[in-house]
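> Start from the sequences and build out the full structure, keeping to the hints where you can.
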Amino acid sequence: MYQTLLTRRYLFSKVMPLLAAAAVMLCTAMVLVTWSIMGGFLSMLIGTGRTLAGNVAISWPNTGFAHYADLVDRLRTDPMIAGAAPVIETFGLVGLPDGRNETVIIRGVDGPSYASVTEYANILWWKPLDKPLPKDTLREDVRLTPLTRTSWRQIYENGLTLTRPDPVTGAPRPAVVAGIEATGFNERLIEGFYAPRAVNKRTSTGRFELIDTFMPTTGEVTINVLPLDTRGRVIETASRVFPVANEFQSGLFEIDEKVILVQLDALQDMLKMGAARRLVDDPGASAAPTPQPAAEPDDDAFTSEPARRLVDDPARVTHVLVRGTGPMPSTPDAERLKARVRAIYEGFANDHPGAVPDVFSIRIQTWEDQNRTMIQAVRKETAVVLFVFSFISLTAVFLTLAIFWSMISEKTRDIGVLRALGAGRAGVAGLWIGYGLVIGVVGSLLGLALAYAIVLNINPIHDWLGRQLGIVIWDPRIYYFVKIPSRVEPDKALIVLVGGILSCAVGAAWPAIRAATMHPVRALRFE
Amino acid sequence: MTDDGLGNASTNGAAPRRAPGAPLLSCAHVSKTYRLGRVDVPVLRGVALSVAQGEFVAILGASGSGKSTLLHLLGGLDHADADPATRIDFDGADLVRAGPRALDRYRHSDVGFVFQFYHLLPELTVLENVLLSAMIRHGRLGYITRRAKARADATDLLEQVGLSHRLRHRPAELSGGERQRVAIARALLNGPRLLLADEPTGNLDRVTGAKVLDALLEIRARRSQTMVVVTHDESTAARADRIVHLLDGRVVSGPPAPLAPAPEVRSVHDA
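Line order of the protein sequences matches chains A and B. For the first sequence, position 138 (counting from the first letter as 1) is numbered 138 according to this note's numbering, and the numbering increases by one without interruption. For the second sequence, position 215 (counting from the first letter as 1) is numbered 215 according to this note's numbering, and the numbering increases by one without interruption.
Keep in mind that the hints are not guaranteed to be accurate.
[Claimed, not checked] List of simulated lysine to aspartate or glutamate pairs, EDC-like, C-alpha gap at most 20 angstroms:
| hint | chain 1 | residue 1 | chain 2 | residue 2 |
| --- | --- | --- | --- | --- |
| 1 | A | Lys-483 | A | Glu-119 |
| 2 | A | Lys-483 | A | Glu-187 |
| 3 | A | Lys-14 | B | Glu-123 |
| 4 | A | Lys-131 | A | Glu-191 |
| 5 | A | Lys-483 | A | Glu-191 |
| 6 | A | Lys-14 | B | Glu-173 |
[As the list claims (entries may be wrong)] These stretches of chain A come out as covered by chain B in the derived footprint (C-beta under 8 angstroms, 3 or more residues):
| hint | segment |
| --- | --- |
| 7 | 406-420 |
| 8 | 423-431 |
Quick caveat, the hints were computed from the structure, so don't treat them as lab data. Don't be surprised by glycine CBs; every beta carbon is placed ideally from N, CA and C.
So, in structure tokens, the structure goes:
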């Protein structure tokens, strides 16, 4: 009981314990802010998969695999699976209105099924906006301004269907949806929205022509791809001009800069992956003799060409994306889904022997599998940073130790009085360890509050620092995301809180033992 | 069965273990030597003493005679030199061979200490300083159940020493005499059977010291308190039932002989 009374009095009668609590607060906040941002970065990286690629991807790159419609149907009937979408992914060049050609990843998607597996509908950028973005206090976002010849709603619908109405006939034409950073015609402002840039293009006469760079209304791009045959050999170059339907922002800078979406069947057509008929050798049929000119004048041998027949060559895709049911699954959940997809594919492959890759060859991966190197690197980096910061947090332990050592020297006579009154050694030690715990609790709770305040406002703080210092601290081109992660996970907060409290208790332990083992008479005579 | 604070069980909780007529406190062959570096400094040499129940004994001696050291040994705050013949008995129980917890219980249940420099905790109020001894004695749960009685007893004691109007004051706001009276109240709150006072008036002026001593004696008379007071002041010692003289760490019978007068010094000019 006396411990509680004295702890309360000591806490507020001196500046030193408050300084110790402040040190604990800063260390706790520092560790939690770092862990939250690094951990948030990792979570964003893992979570972005679902935004763009579902939870599991079945892939056979470049040449693709057939009968995918059957596979998609089988996947969709499984209770663990919420949706499946066929996709073609290939490399290509995009020719831009200002004369540039950029290397991009081109994805052929079926709009509705792609939207069922990813967050596609939510990441389209040009769409009607009910209210401005939080930082757009002057309402300068162009999406708040009605368009004259079309509407934001129309542009959004165009994006969903990957079409744009022909300006003459009004018929929908296949169109592309580009990443918001892909064309380079959009400037991201500090308020968080994009503004189309005015671009001058040099004409053949040497003069400059101003290009309307708002692509979703009048912009067109040229897509150039390399179709391959089933053996992976280049057939020819395919080029096609597409209008731009919309642009998307995934939050992942590299994706926004490098990916262009186009209608699945349009890309299939360009890559010669659509349904067709082809000649194949038919060893079972008898060969018709075909006269051939003799190689030597007296050689009258005849050679035969193998018999051939026409077969249907079904359409192919390089990927089938799968989304699991329920909220974003954890890594173990994604692994379970992957196992289920593998089982379904095995049945599918057994029903199409020789026509599709077998289950041991096909690639079935989660988003984490696909980005394992980067995700592991981020995990290791997080662990290293936490390790280093934990060492720095040892300063809280030593600071508490130093302050308590000093306080116990100051309170030596009081300790002697307590012992003279009959307080036991355990009681005296308990007083100081309890005091350390209280400082730990106060400091850690304050640190928690400070960390929450920083993390939840990290992006405004970053923007403010950028304005004051004139530099972009968090450059999305380097840090991969357009926003700094801003979420504190409760389990991390609890670990850091407990760690802060224990640090103080550990720091107070040695002084507490010293206090408890003081000789009462010497303590009473201490000056 | 009850514990007398020294780990000795007692059937009725109040009956002493000592023989009828035996002293409440006694010690024999008590020596204490302090080691300062390589030098041994003997402070007490074979001291023997006894205090009867209800007696007021004054230990009188000059500075450095070992009287505070003796008080600390009697109060279980320090240990005498190891010697099979050494005994310090309180109510029939041997303090010399008691363990640390037994001594803690002895100090919070059987003994009350009053120090020369009061030793009040500066962060606590007058009332809290007095209640401190009850908190230590009863522990957290015990104190919570006895809180009301403890506060009533503490308030009553402070009233007896004339400080009922100072309950919420801090020690820094009190005079020396007032602080010492708080210390006396604190020492008596748990109803100790033995009160040990180390120069209780040593840090006070004559008038204030006399008042404090009066307060102490008044309480002693009311409670038939057994007291041992260490002092170098003969007037304080004179108010005791018995005076024990301590000289160079030894108990001497009667007051020590006065020092021989210094030889007369004659100036060369006194011829």
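> Next step is simple, just say for each hint if it's right about the structure.
Right, here's what the structure says about each hint:
1. Simply put, Lys-483/A and Glu-119/A have alpha-carbon atoms about 18 angstroms apart, close enough for the 20 angstroms limit, and the pair holds.
2. Distance hint between Lys-483/A and Glu-187/A is fulfilled; the C-alpha atoms sit about 15 angstroms from each other, no more than 20 angstroms.
3. The hinted pair formed by Lys-14/A and Glu-123/B meets the criterion: a straight-line CA distance of about 10 angstroms does not exceed 20 angstroms.
4. Note on Lys-131/A and Glu-191/A: the hinted pairing holds, with a Cα-Cα distance of about 14 angstroms set against a maximum of 20 angstroms.
5. At most 20 angstroms may separate the alpha-carbon atoms for a hinted pair to count; Lys-483/A and Glu-191/A meet this at roughly 12 angstroms.
6. Between Lys-14/A and Glu-173/B, the direct Cα distance comes to roughly 18 angstroms. Compliance with the 20 angstroms bound is thereby established for this hinted pair.
7. Counting residues of the segment 406-420 of chain A whose CB lies closer than 8 angstroms to any CB of chain B gives 7, so the stated coverage by that chain holds, three being the minimum.
8. Counting residues of the segment 423-431 of chain A whose C-beta lies closer than 8 angstroms to any C-beta of chain B gives 4; at least three are required, and the coverage claim holds.
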